[in-house]
Amino acid sequence: MNEDEMRELERKSRAAFDASVEAGDAATGSRLAQARAAALTELRHRGLGRATAWLPAGAAAAAIVAAFLWQREEAGMPAAQDPAAYEDLDIVAGGEDFDLLGEDADFVAWAAEQVPDGVG
Amino acid sequence: MEDEPVIRSATLDGPLSLGRPGAAREETLDRERALDRFLAGIARRAHRIASIALRDRTEAEDAVQDAMIRLVRHYAQRPEDQWRPLFYRILRNRITDLQRRAGVRRAVMAFWSGGTADEPARDPLEDVADARGRPDETLEGEELLARIEAVLATLSRRQREAFLFRNFEGLDVAQAALAMGCSEGSVKTHYFRAMQALHGALGEWQP
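Chains A and B are the protein sequences, given in the same order.
Position 77, counted from 1, in the first sequence is what our numbering calls 77; the numbers after and before it change by one each time, with no gaps.
Position 201, counted from 1, in the second sequence is what our numbering calls 201; the numbers after and before it change by one each time, with no gaps.
Careful: at least some of the hints might be erroneous.
List time: in silico EDC-like cross-link candidates among lysine to aspartate or glutamate, alpha-carbon distance up to 20 Å [said to hold, decoys possible]:
1. A/Lys12 x A/Glu22
2. B/Lys188 x A/Asp4
3. A/Lys12 x B/Glu143
4. B/Lys188 x A/Glu3
5. B/Lys188 x B/Asp172
6. A/Lys12 x B/Glu142
7. B/Lys188 x A/Glu8
8. B/Lys188 x A/Glu5
9. A/Lys12 x B/Asp172
10. B/Lys188 x A/Glu10
Read the hints as simulated data drawn from the structure, not as lab findings.
Note that the structure is predicted; figures quoted are calculated from it, not measured.
Required output: the full structure, derived from the provided sequences and hints.
Here's what the structure looks like:
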C-alpha cells in the first residue's frame, strides 16, 4: 500500500462514516438528546464543586482504614511494611476523585499539564 | 467596569470567583452551555463508533450515556479542549467493560449449554453483502462502511481503536494515544496495521 492509496482509503472510509452519522435515525438521536439532558441535569444539581462532594465519603473511608491499621498493631500483628498501604490511605484521605484514579496515571499527568498558565 | 476579584485555585478545579453573588451560578451556566454544545456535537459520532466497537446499538447508547454522565460529573471543570480525548477515554473504558461482560456471559452460556467459550466466532466478513457481482464498481457509502466494519471486527482491539479514533473521529496521534492509554508510537503502529488490513480486504474494490 503506497501513500496515495492509504490517503484515498482514509478519505473514502471517513466520508462513508460521516455519511452514516448524518443518516442516523431520529429515534436514536432523541435518546441521545435525552442522555445529554440527563447528564446536564446532574451538573445543574451538583454545580461545579464536585471536589468537596467526595470529602465526607473520603474522610469516612480514611477513618475506617486508619482504625483497621490501628487495630492490627494493637493486636500485635506486624504493621504493614508495604509503603503502598499508606499511599492508599493518602488517596482515600485526600478525597480524590476515585473515578479519575481509575484512569491511567500518564493520562492524569497529561491532563494536569494542560492547565493553562495562570491557574495554580 | 472593574473586573471582579478572582482567586485562582491551586488545583485543577479552575478559578474560584469571589465577591459577587451568583458568580458561581453564572460559571455553572456557562459550563453547562459549553458542555451541551460539546455533547450535542459528539453524541451521534460517539454512538456510531461505540456501535461499531460493540456491534450492538443499544449497548452503544448505554455506553455513550454513561460517558456523558461521567464527563459531566468528573471533568466539567477541565478546559474545553480536553473534553474530547477525555470523553473518548471514558467511552473506551466503558466499551472495554461491556466487552468483558459479554465475554463472561458467553462463557456462562457456553458452560450451561455444554459448549466452550473459545468456539470460533462466525467470520463477520461472511455477513457482508459481496460486491463481487459488480467488479467494475468501487465500494461507496453504506456498502463500504459495512465492509470496513466487518474487517474491523477481525482486528485486534488496539488496531480497531486506533482506526476508529484516528480515522473516523479524527483525533490526532497525541489525542488518540491518550484516549487509548498507550504511546503515540503504538497508535501509529496499530493504525498502520489496521490500514494495511483494510487495504488488503478492500483493495480490489478501490480505484
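Index of numbered hints that the structure contradicts, given in increasing order = none
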